[in-house]
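Q: Here's the letter readout for the chains.
There are 2 protein chains.
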Amino acid sequence: MLKFEINTINKKSRRGFIHTAHGIVQTPAFMPVGTAGTVKAMMPESVKATGAEIILGNTYHLMLRPTAERVASFGGLHRFMNWSGPILTDSGGFQVMSLSKLRKITEEGVTFQSHLSGAKHFLSPERSIEIQYLLDSNISMAFDECVKFPAEYKQVQKSMERSMRWAARSKAAFKDREGYGLFGIMQGGMYEDLRMQSVKALTDIGFDGYAVGGLAVGEGQKTMFEVLDYAAAALPEDKPRYLMGVGRPTDIVGAVKRGIDMFDCVMPSRSGRTGQAFTSQGVLNMRNACHIDSHEPLDQACSCPACQNYTRGYIHHLIRCGEILGAMLLTMHNIWFYENLMKEIRTAISENRFDDFHDTFMERFQEERKM
Amino acid sequence: MLKFEINTINKKSRRGFIHTAHGIVQTPAFMPVGTAGTVKAMMPESVKATGAEIILGNTYHLMLRPTAERVASFGGLHRFMNWSGPILTDSGGFQVMSLSKLRKITEEGVTFQSHLSGAKHFLSPERSIEIQYLLDSNISMAFDECVKFPAEYKQVQKSMERSMRWAARSKAAFKDREGYGLFGIMQGGMYEDLRMQSVKALTDIGFDGYAVGGLAVGEGQKTMFEVLDYAAAALPEDKPRYLMGVGRPTDIVGAVKRGIDMFDCVMPSRSGRTGQAFTSQGVLNMRNACHIDSHEPLDQACSCPACQNYTRGYIHHLIRCGEILGAMLLTMHNIWFYENLMKEIRTAISENRFDDFHDTFMERFQEERKM
Chain A
0 MLKFEINTIN KKSRRGFIHT AHGIVQTPAF MPVGTAGTVK AMMPESVKAT GAEIILGNTY
60 HLMLRPTAER VASFGGLHRF MNWSGPILTD SGGFQVMSLS KLRKITEEGV TFQSHLSGAK
120 HFLSPERSIE IQYLLDSNIS MAFDECVKFP AEYKQVQKSM ERSMRWAARS KAAFKDREGY
180 GLFGIMQGGM YEDLRMQSVK ALTDIGFDGY AVGGLAVGEG QKTMFEVLDY AAAALPEDKP
240 RYLMGVGRPT DIVGAVKRGI DMFDCVMPSR SGRTGQAFTS QGVLNMRNAC HIDSHEPLDQ
300 ACSCPACQNY TRGYIHHLIR CGEILGAMLL TMHNIWFYEN LMKEIRTAIS ENRFDDFHDT
360 FMERFQEERK M
Chain B
0 MLKFEINTIN KKSRRGFIHT AHGIVQTPAF MPVGTAGTVK AMMPESVKAT GAEIILGNTY
60 HLMLRPTAER VASFGGLHRF MNWSGPILTD SGGFQVMSLS KLRKITEEGV TFQSHLSGAK
120 HFLSPERSIE IQYLLDSNIS MAFDECVKFP AEYKQVQKSM ERSMRWAARS KAAFKDREGY
180 GLFGIMQGGM YEDLRMQSVK ALTDIGFDGY AVGGLAVGEG QKTMFEVLDY AAAALPEDKP
240 RYLMGVGRPT DIVGAVKRGI DMFDCVMPSR SGRTGQAFTS QGVLNMRNAC HIDSHEPLDQ
300 ACSCPACQNY TRGYIHHLIR CGEILGAMLL TMHNIWFYEN LMKEIRTAIS ENRFDDFHDT
360 FMERFQEERK M
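Line by line, the protein sequences give chains A and B.
Going by numbering that gives the first Met the number 0, the first sequence opens with residue 0, and the numbers climb by one from there.
Going by numbering that gives the first Met the number 0, the second sequence opens with residue 0, and the numbers climb by one from there.
Treat the hints loosely; a few may be bogus.
In this list, chains with the same sequence are indistinguishable; a pair is considered to hold if it fits within one copy or across any two.
[Stated by the list, open to error] Here are the simulated lysine to any residue pairs, SDA-like style, with alpha carbons at most 25 Å apart:
{"no.": "1", "residue 1": "11", "residue 2": "133"}
{"no.": "2", "residue 1": "199", "residue 2": "110"}
{"no.": "3", "residue 1": "199", "residue 2": "21"}
{"no.": "4", "residue 1": "103", "residue 2": "156"}
{"no.": "5", "residue 1": "119", "residue 2": "288"}
{"no.": "6", "residue 1": "11", "residue 2": "100"}
{"no.": "7", "residue 1": "47", "residue 2": "323"}
{"no.": "8", "residue 1": "119", "residue 2": "312"}
{"no.": "9", "residue 1": "2", "residue 2": "101"}
{"no.": "10", "residue 1": "100", "residue 2": "320"}
{"no.": "11", "residue 1": "47", "residue 2": "154"}
{"no.": "12", "residue 1": "147", "residue 2": "16"}
Read the hints as simulated data drawn from the structure, not as lab findings.
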């Protein structure tokens with residue numbers, strides 16, 4: 000059971016609070032990705048300093064290494080990785096499809112080979128939920144099948160229907176406790192009628208929150224927003240709505256406008272490690288020689304430690320030298336940027352001016368992303 | 000001019016204070032190495048938290064990238080890298096020999112190719128001192144030539160004599176200011192008479208401190224201590240004595256016993272990145288499977304953040320996954336271990352019980368290093 004409290008509704012956008020056993024999450028929320036029990040290149044206290052209130056862990060990675068049973072023996076993922084706040088875990092379904100080798104899917108579940116060792120593993124709704132329980136995840140995700148994009152109607156339909164049967168099995172396997180919850184995942188690709196059938200199936204089962212799956216798979220922002228226009232609206236109003244694996248700053252702002260409450264994406268951390276910096280003026284490539292003599296911070300408008308204490312010239316130097324500190328500073332800055340964006344979004348909703356915020360942001364950030 | 004104040008002398012070991020324009024350094028001191036303007040995998044505030052009061056920067060690396068002139072345009076190395084404490088820079092001599100390609104040494108200086116770009120560069124005593132001035136180094140090192148070990152008497156003699164002529168030129172090029180100093184470097188290999196000639200030459204010139212060069216080049220600890228027995232003793236008593244590039248914990252304890260005041264070494268940071276942990280019980284290889292289920296901290300006796308908040312099992316997991324946080328935590332812990340060792344050394348000297356400390360440490364750490 001997860002209590003979800005909605006504080007303000009501004010047209011379709013909502014500002015709320017999810018109450019978990021490890022603390023409260025303000026929504027709309029962005030969850031930094033802590034793949035293998037660490038938000039890459041970040042100390043947990045630095046993650047917290049960015050304003051992040053919840054992080055995401057990956058069932059697929061953790062089940063392979065160090066294994067869910069081992070994490071449980073360390074007292075759960077929070078204690079293992081020294082993150083005392085809430086944690087959401089994915090179900091492993093997506094990464095089984097994208098990372099593992101030699102998958103075999105049956106109604107029972109998925110047999111696959113580890114991308115690390117080649118060893119054979121099995122995931123089913125029951126095993127995924129058990130793993131997430133062992134990890135002590137505050138928000139578990141139902142185990143689903145993800146189809147590649149683009150896919151034919153028949154294929155998407157068949158896959159969605161199986162995912163809904165798996166959602167029911169996930170719910171049956173979930174051990175309900177105060178401050179812990181299970182989210183269902185809507186599928187149906189870019190087909191409105193399948194999305195509606197999926198919502199119906201999920202709400203009949205009943206979950207603590209609902210995720211929109213099967214987006215951000217290459218369909219483009221325009222199509223994603225078109226799907227969200229009906230898909231987000233169809234989800235229950237009184238539960239958190241989570242758009243999985245999204246995204247760029249404009250994706251997030253546009254999705255909040257359509258009623259989404261939660262996001263996760265590797266973009267701020269991964270792009271930090273490759274030398275990209277998100278700024279209020281757009282995205283900078285810190286590898287570019289144009290920064291070599293710059294005494295400016297990454298972003299004049301940012302109050303993160305990287306912007307308070309370091310110049311673009313220094314960070315450019317670190318990136319050119321392949322220094323770990325470059326990845327550390329840029330990751331910290333980028334997550335800070337994302338979390339600050341979420342704060343601005345929440346404030347704009349509270350003040351009933353989210354539409355203006357949206358329009359200004361979309362214009363400014365789109366325009367200047369060419370930098 | 001650098002004021003050096005000796006507080007306690009315990010047989011040959013000394014506890015003192017070096018007063019620099021950027022703060023006071025307690026000796027015996029260990030300097031973490033900040034090669035290219037960063038102590039690898041560490042935020043400067045974390046370096047400070049280890050107890051480090053001074054760090055080392057590398058003239059060779061910084062002159063190639065981002066260049067000394069560029070560091071100067073950023074207000075010097077302290078401001079460029081956000082380290083407000085004292086900085087010592089080496090002269091570049093050692094790394095020109097060990098890293099660069101196609102060296103040509105003349106009486107004037109060394110012409111060499113960058114190991115990064117292949118571009119031609121030139122270093123002389125005058126240019127080395129100018130670079131260290133541009134970096135705003137608190138302690139500059141005289142430019143010297145380093146011979147390979149082992150080397151014939153004649154070769155060592157010829158090289159040492161040239162280094163002494165270069166030391167005089169370094170002194171002439173140095174701009175003396177309050178809180179900034181220049182150290183001479185003793186050479187002479189493993190030959191006592193050459194070491195004595197070198198001391199004589201250096202003290203005739205007069206420096207703010209004296210380094211022992213040409214050790215830790217493969218001669219082994221026993222030989223190094225034999226050389227230090229006469230070499231350290233021959234150096235002026237009223238100036239800091241610096242053993243360059245040393246070393247393992249037992250090297251440091253043994254050298255302090257012989258009158259050395261300052262050390263630098265990449266060992267704690269480099270070995271951190273490769274999964275080694277220094278502990279009060281010896282050295283651990285965190286890659287080893289024996290740690291996979293350990294709920295213990297790296298070192299029960301250590302108060303560093305890595306030991307307060309993380310288990311060996313978690314750190315093993317990070318190292319096995321190649322996670323940056325593993326390098327971050329182990330580097331922090333190892334430098335903390337070194338700095339804590341220096342604190343214990345200083346306290347033992349203050350309390351006139353350094354000999355006991357030395358004997359206990361040598362026995363304990365030697366014995367258990369096999370772990």
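Q: Against each hint, give a clear statement of whether it holds in the structure.
A: Hint check results:
Taking the shortest alpha-carbon separations for residue 11 and residue 133, neither the intra-copy value of 36 Å nor the inter-copy value of 58 Å comes in at or below 25 Å. In the homo-oligomer, the alpha carbons of residue 199 and residue 110 never lie at most 25 Å apart, since the shortest distance is 29 Å inside one protomer and 76 Å across protomers. Taking identical chains as interchangeable, the C-alpha atoms of residue 199 and residue 21 are never at most 25 Å apart, the minima being 31 Å within one chain and 68 Å between chains. Taking the closest pair of Cα atoms, residue 103 and residue 156 come within 25 Å of each other only inside a single copy of the chain (19 Å); across copies the shortest separation is 73 Å, beyond that limit.
With identical chains, the CA atoms of residue 119 and residue 288 are at most 25 Å apart between copies only, with a shortest distance of 21 Å across copies and 47 Å within one. Taking CA atoms no more than 25 Å apart as the test, residue 11 paired with residue 100 passes in neither setting, with 41 Å inside one copy and 65 Å between copies. In this assembly of identical chains, the alpha carbons of residue 47 and residue 323 lie at most 25 Å apart whether taken from the same copy (20 Å) or from different copies (18 Å). Taking CA atoms no more than 25 Å apart as the test, residue 119 paired with residue 312 passes between copies only; the shortest distance there is 24 Å, against 48 Å inside one copy.
With identical chains, the CA atoms of residue 2 and residue 101 are never at most 25 Å apart, being 40 Å at best within one copy and 69 Å at best between copies. For the homomeric pair residue 100 and residue 320, the shortest alpha-carbon distance between copies (19 Å) is at most 25 Å, but the shortest distance inside one copy (35 Å) is not. When the C-alpha separation of residue 47 and residue 154 is checked against a cutoff of 25 Å, the pair qualifies neither within a copy, at 42 Å, nor between copies, at 59 Å. Taking the shortest alpha-carbon separations for residue 147 and residue 16, neither the intra-copy value of 33 Å nor the inter-copy value of 66 Å comes in at or below 25 Å.
Going down the numbered hints, you'll see the structure goes against 1, 2, 3, 6, 9, 11 and 12, while the others check out.
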